[in-house]
Every structure is written in C-alpha cells, then in structure tokens.
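Novice: Sequences listed follow chains E and A, in order. For the first sequence, the numbering used here assigns the number 166 to the last residue and increments by one with no breaks. For the second sequence, the numbering used here assigns the number 862 to the last residue and increments by one with no breaks.
It should be emphasised that the hints constitute simulated quantities derived from the structure, not laboratory data. Be aware that one or more of the hints could be misleading.
In silico DSSO-like cross-links for lysine-lysine, where the CA-CA straight-line distance does not exceed 30 Å [stated by the list, open to error]: (1) Lys-445(A) x Lys-68(A); (2) Lys-733(A) x Lys-154(E); (3) Lys-445(A) x Lys-154(E); (4) Lys-137(E) x Lys-68(A).
Here are some of the chain E residues that sit facing chain A, going by a computed Cβ distance under 7 Å [unchecked claim]: (5) Thr-81; (6) Val-85; (7) Ile-143.
Glycine is no exception: its CB is placed at the ideal position from the N, C-alpha and C atoms.
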Amino acid sequence: MEPVTSAVVTVTVNGETYEREVEARRLLVHLIRDDLDLTGTHVGCDTGSCGACSVIVDGELVKSCMLLAVQADGATIETVEGLAQDGELTPLQQAFSDNHALQCGYCTPGMLMSATYLLRNNPEPTDAEIRKGIQGNICRCTGYVNIVKAIDAAARGEVSA
Amino acid sequence: MTTIAPEGVEAPQKGFVGQSVPRKEDKRLVQGQGVFFDDVKRHGMGYVHFVRSPYAHARIRSIDVSAALALEGVYGTLTGDEVAIQTDPFFEMSTPPGNEIKDYALAVGKARFMGEPVAAVCAATRELARDAAELIEVDYEPLPVLVDPERAQDPDAPILHEDAGSNVVWSGLFDWGDYDAALAEADRVVRIERLHFHRFSSTPLECSGALVEYERATGQWTLYCNHQMPGVGAIWMAPSLRTGIDKLRFVTHDIGGGFGNKITLHPYFVALCLLARKLNRPVHWTEWRTEQHMANTHGNERVFLDVEVPVKADGTMLGFRVKAIDDAGAYPRYEPLGCIIWSQVTPGCYRWRNIRVDFTQVCTNKSPTAPNRGYSRMQHLWFTERVIDIVGQQLGIDPVEIRKRNYIRSEEMPYETPNGCIYDSGDYARALDIALDLIGYDSIDERRRDAEARGRLLGVGIGSTLDSGTNNFGQSQLLNPDLQFSGNNEVATVRLDTFGEIVVTLGTVPQGQSHETVASQLVAELLGVTPDDVHVRPGHDSFFNSHAGFSGTYASQFAVTGLEAVKGATLALADQIKRLAGVILGGVDAEDIELVDGFARIKGNPDAALPFMACGAIINANNAGLPPELDDVTLNCRYVYRPPFQVPDKERKFGNLTLTYATQIHACVVEVDPETGVYEIVDYAAVDDCGKRIHPQIVEGQVHGATAHAIGAATHEQFPYDEDGNLLTANFYDYHVPHAMDMPPLRTGHLESPSPMNSLGTKGMGEGGGAGVHAFCAAIQDALRPLGAPIVDDSCNPYHRVWETIRDPERSRSLVRVETR
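Next comes chain A alone, as it looks inside the complex:
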C-alpha cells in the first residue's frame, strides 16, 4: 500500500509513533552542553600528535626520536618498530593474495600514502606535541608512486605490498541471468568506453579522535571516542592488541557526524592504546582537519570500462556488462566489502535480468577508502543512472519515458533481483511523478525557452536511488568463503528502575540521527507513557551491555534493527510489569492488565491500578514474599534482534543481502552559461519512500542532509592527487563543501510503502542522497545537448569541467557507440 502526502501536511495520529515530537537531544546541544569526545579531560593526560609521511610511497630507513624525547614536557613516542613487535597486523578480509597485506597501527618499513602515520609523540600540550613531532627525524627513501587504479595491474606498476606481490585486493566475476542470450536478442547495443566515479568524503565536521585510558590492574582500555561502529572496531583491535574483546571499553556520547568516515579508526586507536599503556597515563588525540582529509578515509573511486548495454527497439534494456576497477587506496581496511556491497542494488531500479560484472579492486598510493554515505551502492547506482541517460540520449528516448519503461513496477513487489536480493516494496514511477510535479516539469519547455532568451541553457536531470538497509553480513562470504560473518544483530535494554524511571540503552551509536527521540517514541507508545517519561542514554558504552558484534550506526538500519531491538525489549518489560501487577492486584491474569498513563491497571476497572513507581520499587527494593512465579521478573529486559537472513549461495553469488530498500527519486533543474560553464541549480526536488515514518521531521532532515552531500560531491567536492601522490585538497580552503549560499531551494515529497520485512513497516534511510549526484550529472548532460550532445562521464563536474565538456564535446561523445542490428 502506498500513501502520498504533500510536504508539511501530516495526518493526525493517535500515539507518538508517526509524530514529529520535540527532539530529546536538542536541549543539551543548543546550549553547548553536548559531550563530544574532545570535551572529555583527565588529570595528567597527554596530547598525541602523529608524524606523517610527506611521501606517497617511501621506504623508512630510520626514525630518530631522541630530539623529541629531550624536549621538556614530552612524555614519550611510538614508532612502527614498536608497533610491529607489540601488535599483530589487522585481520584482512580478502582472499589470497589480498589477505597477505600487512596493515599496522603505524607504517612498518614503508609508508604507502601521503599522510600515513609513521610515528606518534605524546606531550603535555597540543602545541608541544606538534613541536615534538617536528623534531622526530625520519629518513625516507622515496619510491615510485602509483596513483592511477587503471595502471595498478601493469607489469611495470610499483607494488605497494610486497607480501601480496600484487596490487589487486580482490577480483571476481558476477554473472547473473544469461547475458550472452540478451546480447543476441538485442536490436541495438550501446557501448560506453569509460565512466569515472570520483573520490570524495562527506567530511564530518567533528574530526576523529579518542581519549584512551589504560588500567593496569585489569589490562583494560577505555576509549572515550567517536567510533561509529565499536562492535566491529573491537573485532579488529582486540586480536591486534593480543587481548580479549572485553578489554576494550568503547564509550561514545555525542558524535559530530560520521557518514561512515568514523568506522575505520582502529589503526589510530591501537596506537593510542599502546601509548596509554607505555606511558601509563591517559592519552588524547584529536585529528586536525588537514589530517582528516589526507589520511582518514575517502569514499571509493571507481572506473567503469567497456560498458555494453543490449537494448530492444522500444527502449527496453535487457541488462548490461561492465568491467569495474575500484580504488581502495593504500590499505583495504573495510575492504574488500565494497566489492560486494554494490550488488545489493545490482539492477538499480530497473528490470534488467542479465548482468555480467567483472569487478577488480586495487591498491594505490592514496588514502585508504572506507564506507561513505551510500557506500559502494552510490557508485554503482550512479553507473546505472548514467547508463539510462546515455542510452536514452543515443536512442532519442526521453529520460522520463525510458525510466518508466524499465523501472521495476510496484505490482511486482516484493521483487527478486537477478542475484537474489528482495526489493521489499516501493513505487518508483509514482515517486518520479511526484518529483517531476515538484519541479514543475509540465512547463519545462517554456522555461527552457525562457533560459535560452537569457543566454542560458536549461537542463533537467533525474536520479533514481535505492537505499538498501540492514546488511546481511553473509555477503562477506561471497568474497571470501572462509569468513565467519553472517546475518546481523542489534541490542537494546529497557528497564524500570526503583522510582519508576524507564531507562533505555541502545547498541546503536548515533551521530545526529536522533535515536534518543525515536526510541522514546516507540517505548512510550508500547508502555502507555509519554516520550518525556522515557530516558534514553545518549551514546554507546560497552558497559551498558547493550551491544553485539554488529552494533553501530551505519548502512541505513536503525529504523529496523535498532527499533526492533527496542520493541523486543519493551514488550518483554511490558509483559513483566503486567505479570507483576497481576499478582499484586490479587491474582489477575497478565492478559487482563493494561498499561495506561504510567499505571498497570485491570482492564475495565481503572481504579485497580499499580503505578510504575510501585512496580519498580517492589522488584528492586521491596521484594520479600514475592511468589516463585515472579522469579524471572527483573524489570530489566535485554533483547537482541536478528533479521531473518540466510547465508547466500556462494557459488552463484546469490541471495538476499539486505532487508529493506528505501527509494529516493530526485529531480534537478540547472541553468548553464555556455560561455563559461558556470551553472546554477535553479530547482530541486527529493522524493523519499522509507516505508513507515516514525518521525517525519527527522526523516525529512536526513533527506535534506543527504541531498546536500550529493550536491557537494557532484559539483565541487573531490580528492584529486597529483602524479607524485600529493593530495591537492587537504583542507576546507581547497575542498569546497556547500555553504548556505550554495544550496539551491529544496522541495521534498514522500511516499510510504511499508516494508513487509519487519514488524514496524520501517526501512533504514539516510543514504539515498546519491540520487543527487545522478540527477545533477543528468541535468548537465541535458543542458549541454544543444552544444554537440556531449555526455557526462565523470561524477564530479565543477565549472571548469563543464566548460571543458562544452569546449570539446567530441571527447566525451566519442566514448559512446551504438550498434544497430
């Protein structure tokens, strides 16, 4: 079932789920009372600064720390040699030879990208630590540099990791349907030589870091930090530190944005753990902005080569073939998961049944990559949208028409993709209609003429995206059958305390996604109280006992995994309260008790009621004489949600890889100055369908933010490297993110296609902003059509690139050929 509501109009509802209630997080944050990790201080703590390689590729001949250690106020140093002795390399997920790569907390023997940490120093102040870092003498022997992923497999290419003997991290063939038959059946075959998706990062405003304490008595580290996926962080760190998971206590409170960029902090955190233990004092590290740009993580760069698209005469596309080369940078930290994550959305929004993808991931002398909002799917969906618009342009079919002809239809839901993923619900064509309505598509020809009269070229572009949420980690076994990960899990605890306080802890690690508010809405509704009565502990603490191996906030899943865990724990608590009240109220059956306004009362007899405060007090402080049937009643309920997943078929690379699929359809209108390539986005619409919305205002906020990321990425944000491996945009001067004056007016609309895959009908959302990259590229291509019909073959199009496209339309046009049969 699909419902539509125009922006700003909410149907009145009973209860709190579905209402935009005031956000719990706001009161502290608007008063500057948020607790971010850098706000946490400890007596005697030292500040850490990393010494980083100025070379993209260099052998480390020697490191001399003596001058730094001689400086007054310096507490100590750490070098790669110590790291190599005291830790084991991080676990690698790939198959041979990729799994032979050795990745440590600091560079050992060689530095492999500009900005890689080679040593660390700890001192009494931030400033002193920087001074001391300058005194550390590193003797480098520069080596030949590899920056171009397409050259990584050349016989004369520099090898980054000698242990692996190759720059290939992972490679494999994905072959679904019958591609050869589709090719034989085609009336036309469109071939595209090369498309390029660029490197960028959503650059959270709060940089990474941690305050790390070591307790000698127990061998335990406590990390006050902003890691957004501590469960997996601990799986990386504990074996490397040769300790148990229980010895790593992660604590987060408020986190200043994450977007995936705070998932692979383990190398830094291991270095901090070693320093805290070595120096026997708390150590504190806050990444500087320039360091984040150089050496935190970037989104994956991907090249699509030898694209082939068999098409029927009526514009029906039968599938595609492509060779993809993914650039993982210097170390495959979260990789090679990106080599499979894209296949969650293999055919994009389209009914393509025959698909062959030859996928290779390589290392280069650049910053490592890691998940970045829309991880790996964004690259692939950009590719599918480029295919649609390029094929449409070549065959003379309108972008709306070609989409509607090829979109998966709402009546086909749930839809099984050629690789076994289940698209749970959605109505792409209807979402597109809403988006077109919002930009006034009916009058677009008139506006085109109006723009022309002003010497401008108007273009319209559509971006269709699926935000696949709630990973089945079993997909990792499609990369490496020996990996022991599958399914997913999330945890919540809900407790009724002595004075009737309702206290919730979450395994999730929000970075702005409002989990305190949203969890309180659900708990309030299920317990018959208000969100104000529900206390949700901010952040994550391993001591809360409310986490599991996959806990965290990533991959669009809170509304499913987080809330299902909250729901499970709350229902268990509600049942215990009813049983307790039933006994206290004279042996009434639990089924005859209802929870209303903070009371457990007998149905039909509101005067026979026990306040929650009494329930909490009885169990926690006044429990003598309770009957044995209440022995299991603790009023402290923990629930682990596990989505219904199977391990995928490893031979066929076939199976359901994610639980829900939210839809985002964006439409973008640009005006381009043909003389200069300068453009302006004059109209923009984003339509979102994430199933049941618990808090519409928060959903809309996510849509706004994701769209801004996409517009930034599509227009200006990029991490280019020169031929020596120097990053050219290492700070916010050179790396231009959207400011308030850069943002076009945004219109939003929504559909609600509830997910049948979970009890709440929700879908994870927040990563669908990639649609903006697709829509913008399509709009530029549309605008430039009168200037020799060039195509947009790169995902980033700053003014100068648009000007170059205008100046030489033949360059990009010649990338495309059409064979008519």
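Only chain E is shown next, with the shape it has when bound in the complex:
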C-alpha cells in the first residue's frame, strides 16, 4: 500500500473557513502564505528562531513554521490580516505607527501577533514582561526600543485617534 502523503485540512482563519489538500510535510506558514494567499505572515528563518511567522492558533501564540499544516486541521487561526476591522486599526497597530515601532515592517506582523497575545493575557505588562512577551520575535531595524514603547502605549490606551 502506498503511504499517505497528503491530507485535506480545514482551518478557520480570521473567521473564514478554508479547505485545502496539502502535502503532509507542508508547513502551516506555507499553507497560510501560499495556499490561502494571506501573505502578511512572513518567513524570516528556518529554525523557529525569528517569530516573523507568529500567529494565534486556538488562542495560543504559535510560530507557524514550527507546525505542519495537517496539525492545524480544525483549528481557528488569527493572522495579522484579522486584526484591523474594516480598515480600523487596533490600538496596538496604531501605537506601532505612532511610536515608529516599525521600519521595514517585515517582523511587524509577527510582532503584532505576539503583542496581541501578550496584552490579551496580561493587559498591564511591565517593561520586563513586554520584553519577555516579544523575545521570540527578532527585529533587525528598531533595536526594540520603540516596539516596547508602542506596546506599553497600547496597554495604557495612549494612542492617537
């Protein structure tokens, strides 16, 4: 008997349900980017080190390069595209812009998902807790100074209209 090398997976991403046949070895990040065309989620390494691919899967923060697509079968997934509603930025997104917490913007989607997860579970984090909350995300542009400032501002509700 031939081994099974592909499977049909069903995922709900940002409220929309998708069904796709994927190779068993396909990474979740490639399902999201290549099959669902949600290209806001990025790839920055091949060792699970950089966090550019961070998404929220069933309420947990996950590096989507460290999960096979088939492992996400049935899951509810949130990506950066699901944050703003009708073009209305979330306070965190607005705070990132207010505080110049992004330069090239490549790490930003993953950083925003980690920060979203952090503030959901700890709405009033200290500086050290913010840094710990994003320590799985590499940014090579900002030195994290303004990212930490932005997350703090969002937690305090100090964002521009």
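Given chain E, put chain A in place with the hints provided.
Specialist: Below, chain A without anything else, positioned relative to chain E:
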C-alpha cells in the same frame, strides 16, 4: 551653527520639514498588506532551489542532473557548464592579477566556499525543488582550504583562483603627510602587534530573492526582487547576460531590511534569468535563512598588523602606521571597493596628519564579503578608536581627555583630512559631553565603587564614529585608474496628474528608511499642500524612469541625493504650475503666483486662484489653444541630482571622497563578573549629529537600529569558520542576534550641525552604529583594567572571550609596547 535639544523635545516649526509626521508606509505594513517580493506570484511559476557545495574548496569533476529531471514536477536544471557557455564572467573592478578572477552565477569548475551554488533546479513546489536538489549528483574532489587571511600570501597557501595565480585581490600603499618626520618628532611610540575585526552580517530578517519573468518577444527580464542597488546590479548583470541594461527591469516594493546585504545579488539573479529563459516560465527563488548565513555576503574581516603610533608627551598623537589585511572571502564581488572606502574617514575624528597604511585584500575559502552597514569605515574607525584607548591606557591618559585633546575641533570645520576629504561640519567634543551627561559620567567613580561592592567590575567606553555619506564613485579610480566611474547621481520625478494628484517616484530603493514619508514632507512644503496630498510610489521600478546608474539606498545618502532630486523635480513642477496659472489667470507673471493649500493664486489676491486639479486637467486633457510659451510645460518633471565632485588625484590618492559626515558619539557602561566573564550593559547613550533633521523620529529610529546592530556585533554575532572552512553559525540558533531582552536601555541625544555641502543642510545617516562596537570594546577594556590591564584586541567579545582575557591578561597586554624617547 550647532543647536542642541534634549530627547523628546522638538521645537515647533512651520511647515512639514523637521516634523515627525505620521509615516506613510505604516498603514499597509501594520495590516500585513506590505508587498514583499515573496508575496508576488505568477501563474505556472516554478520554485528554484540551489545545490550548494558542502566543501569550502573542491574541484567539480561532474554533475549528474538526470535523477532530478526524472522526478515528476521538476521543470528543469541549470549547471555551471551551461552558465559558462551562456554568460560572460562578471566585471571585476581590480587591477591585475585580481581582475583575472572569473566569477560566474554558478561555480564553474571549482567551488570556493561552503555553500557556493553549483547547480540549480526548478520545480512545481518549494518542497519538490528541495527534493530534486538532493537528487543532483555532484562529484567533488576536495582541495586544501585557506581560511586564514594572514596565510593567504604564504608560498604554500592554496590558490583559490588559478587564473589570477595569487590570492591577492588588491594591494596598495597610502601615504599622507610625513610619517617619518612624525615618528622622529615623537616623545613616545606605542606599538600594537595585532588587532582583529571580525566577520558578521546585519542579517536582514527578509532573506534575498526574486521572481523573474522572461518575455521572449522583447528579450526582456522582469525581476520582482529585493535588490537594494538595482542601478549597479544591472551594470553587473547586463554584460554578463550579453544584453542591454534596458532588458533588465527591476521592480521592488517593500523590502525587509537590507543593510548592504542585498547589493551583490547578481550571481543569483543571473542564474534565475537563465532558468526563466530556458524553461520559458516565471521562476521564483527565496533564499533560506541558512543559505543567507552561509552564502549571501558577510561584512569584511580585517586584521591590523604592526601598528605604530607616534605620540607627544602631552598625549597629542601625530598619526599612525599600520599594515591592514582585508579578507574578501572567495570572490571580490563588490570588492576591492572596501580597500578605498575606509579612507573616507582616514584620521577618524582626530587631527592626525601623518598616516601610512599598507593595505592588502585577499581571497579566502569563505563566503564573499559585501557592504554591511558602516561598510569598510566601521572596521577602520574601530581601529582608530582602539588606538586611542590603547594609547591612552599605556600613557595613563583618561579616555575623555585623550579624545578631546585629539578631536578635530568645531572651529576647524570644514576640515580637510590628510587625504583631501572634507569633513563638512560637526562638534565632536560637544557631542561627547552630551553622551557623558546621558550616562551620568559625573558620578561614575561612585558607581564603580558600588559595583565593586557587589563583586562586579564597572567599565565605561566611548565610541566616536563618522558616518560618511554620498559617495564620490571617483574613489574607485584610486584603486584602478582605468575604471570609468565617478561622481554620483539620484533621480526623482514629480508629476501633477489629471485630477490634481501629486505623484512622486524615487530612484532610491528603501528597505525601511521611510522615503515615502520624508519625500512627501519636502514636496508638501514646496508645493503648499500636506504630506497626505502627496502620493509617493513605493519602491523602485525601472519603468518609472526615475533612476540612474547609482540609484539605490546605500552609503548614507538619501537625505542628500534622494531629497535633492526630489527638491529639484518639485521646484521645476512648481515653476511650471506658476507659469500655467499665470497664463490662465490673465497673463500674470509666474513670479507673482504663489502655491497655497492646493491652489496657484495671485499674490495679494487670494480670490484669483486656480486649483491644482484644474492645472492637471488643462495640461493633460484640455489643452487646446494654449499659447506657445507653455509648450514645454508637461507638469511631469524629472530631476537628476549630481553632487559637486571632482575626480580625485590618482597619484596622491587625494580628494574629496564623500559629501557629508554625520557624527555619532556613543558611551557605554558595562558591569563584568570577574569570575565568569559574563557582563551586562547597564547604561548606554547614543548622540547623533546628522545636520538638518527632516523627520526627527525616523532619525532616532535609525540610531536605535544601528546601535542594536553594533551591540549584537560587539557581543555575540560572528561568522567563525573551522579549519576545513565550515561555517559554525549558519542559522539563528548559533548566530545570536539581540532579542528584546538583550537590549540595554538606550538614551539618545542629538546636535544639529547643518551641512554646508547641500541646499537642505542634511547629512546621510543610519550607518553610524559602529560607534557601539568601539564603545563596548572600550568599556570592557576599562572594566578589566584592575585585573592586570589586558587590552581588547578583537571586535567581538562574547562572554567566553572576556573570560579568556581575564584568565590570561598577559596575552593581550604583550601585544602592546611603548618606546619612550
């Protein structure tokens, strides 16, 4: 004139220039709507994977692609043999024998570094392409390996490029002032046997790549890519592909960081062009992280030997002599430009007039080098700062005192260096005072005692850096008089379209530097509108017709070249709008028209006004009956900015090599555990002076980022190779970049010393972070002084190296000798 403002306090200004307006780029990027090259897809495209050499040096006996081609879903392959037939070697910039080196898109005959691409395969999916790559059989004959640049000229050293017959890429003597007289005049001579600047890379988070399409009808390739210097990329690629520059259309949109590492992508892109043509389908290649570390590019490694510093009894340094060996890796792709770029900052921040540098660049079996944030100047400035701190320590002169005694003074600006460069403006001593203030230097002795009480050693270090910006490419002729490059240029177009849209295109290729925002500020101010009214097209497209030979974002120049081009085009447009409005409003002279709030109106008569929309509509869609004096009015203005450069004197290696010099003075406070060598940066200040700041928040962001790169490089980031030429840090597991918890608290300050060299008073900036490497090394040396006064002789000091320095202070101390006369 120099002004100082504390952090976070901005003087209110009229207009938009100088204001931290909201960034135009952010809205798409925070919503995941940025367009990075890997996001671009085409019907039927194939994914490319490169087969790479596992050996640092090996002859390629044969390559068998048959098993890969037999795999279902594989579209085709490319090997070095095909490349050698279908392309010419890339243009080499060096003189003989360095210019005899043959560099192709894939290894031809030999692989010369671990990770060098020897074949490529294209298949229906990323995964399949990797499978197929594993099926390509390459028969290698391993050869002796050269990893140590200091051994490259040994008689028994393996030769990388037989055509050149030598591992030397370039060598030359730089001799300015009268070094021998300075040596004779010295009261003391400090000699340092060896200093080493290590290999690392700023490793942009987005890896390199492209989607390449070939159009048979026209023979044209379109490259959706993240090349950060397409003008020069095309100069490399077109002759190799035996085609014209016009056949290479580069398109970039958002780029996930560059830092110089996306300048020498031409070998990969030529391979992709060949595959797209051969397979008649779009081909897509995204570099994997491990590939970027192994085989993209690294910053230059440099060894400084036989350093000699003549000093007067009062600590005045008269100059220096050094023998530098620069390691270019396996192929001198952007090199040997690094052999001259350092001389933009020959005396560093100091009044040293007598300098002799014997500079040699060699090949080794390591990844090729290329510009990396602070390219070639960082290495040299680290050297000058090490000299200052080592000499200071030997002579018992305080690091602040010895700097102030030797810094070039603000009243000497503009200052001509011994090799003819013009430092345009700056106040280094004042910037140092601000940095010291920010770290609380006044109470440092107390903090030293406090640290000691806790069993820690406290050290303070200063790093002084110049960020030379806007290259004069004529400096290339100091390396090779036959090269036909000089000056610099940048292009912008500004257009008023049919419904009054103001549309700007830039030749620059930003990778996070906020060019859309900054350009819109200047255009808005000059046209009397708001930045929201100005549409700046993201990225670069050769079809925009807004580029020239040196277009790109590199070498700290946008604030000068990019903005001068924007300004020139905007002023031309403003003039056309005024002339048009003058005619329409009844024959009013253009000088009597003003542009306010989106209207061209008669001065003193605001009711007589023509909206921009009407101007755009008249020229573009309703132009019958316009008088002949408006024949040249197109409302579509292109401007090419050329900085005022001359070709330098080739004999003396003398002339102005860069237009502006931004200053960065950093101060770093560390605490070291003497038992383990583990340290912590407990205080850090970065003071920046880049002349007129168009957008202070963006400038500060660049300072933060550059500082983080420096701290990463100084503490952990390194690309070491074992004796067989295996890279030991090929991914982010082993190559540790700073994470949020690694970054110390940063304080920033600034001065504004406007540049007299351009109309905006701006200076390129963003590459001054090297100051952090210098400051950290100095701080460690200062902290370890009570433990036998070792010196820091390497630019990278992870915990274990600090521990080794503590354990054996004599090793590094013995590198330094002082002769008293």
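Novice: Against each hint, give a clear statement of whether it holds in the structure.
Specialist: Consistency of the hints with the structure:
Restraint check: the Cα-Cα separation between Lys-445(A) and Lys-68(A) comes to about 46 Å, which exceeds 30 Å; the hinted pair is violated. Our distance criterion of 30 Å between C-alpha atoms is met by Lys-733(A) and Lys-154(E), whose separation comes to about 26 Å. Between Lys-445(A) and Lys-154(E) the alpha-carbon distance is near 35 Å, which puts this suggested pair outside the 30 Å criterion. Under the criterion of a C-alpha separation no larger than 30 Å, the hint pairing Lys-137(E) with Lys-68(A) is consistent with the structure, at around 26 Å.
Contact between Thr-81(E) and chain A, as hinted, is not supported at the beta carbon level, the nearest pair being about 18 Å apart and thus beyond 7 Å. Proximity of Val-85(E) to chain A holds as hinted, the smallest CB-CB distance being about 4 Å (cut-off 7 Å). The beta carbon of Ile-143(E) is positioned within 7 Å of a beta carbon in chain A (closest approach about 6 Å), and the interface hint is therefore held.
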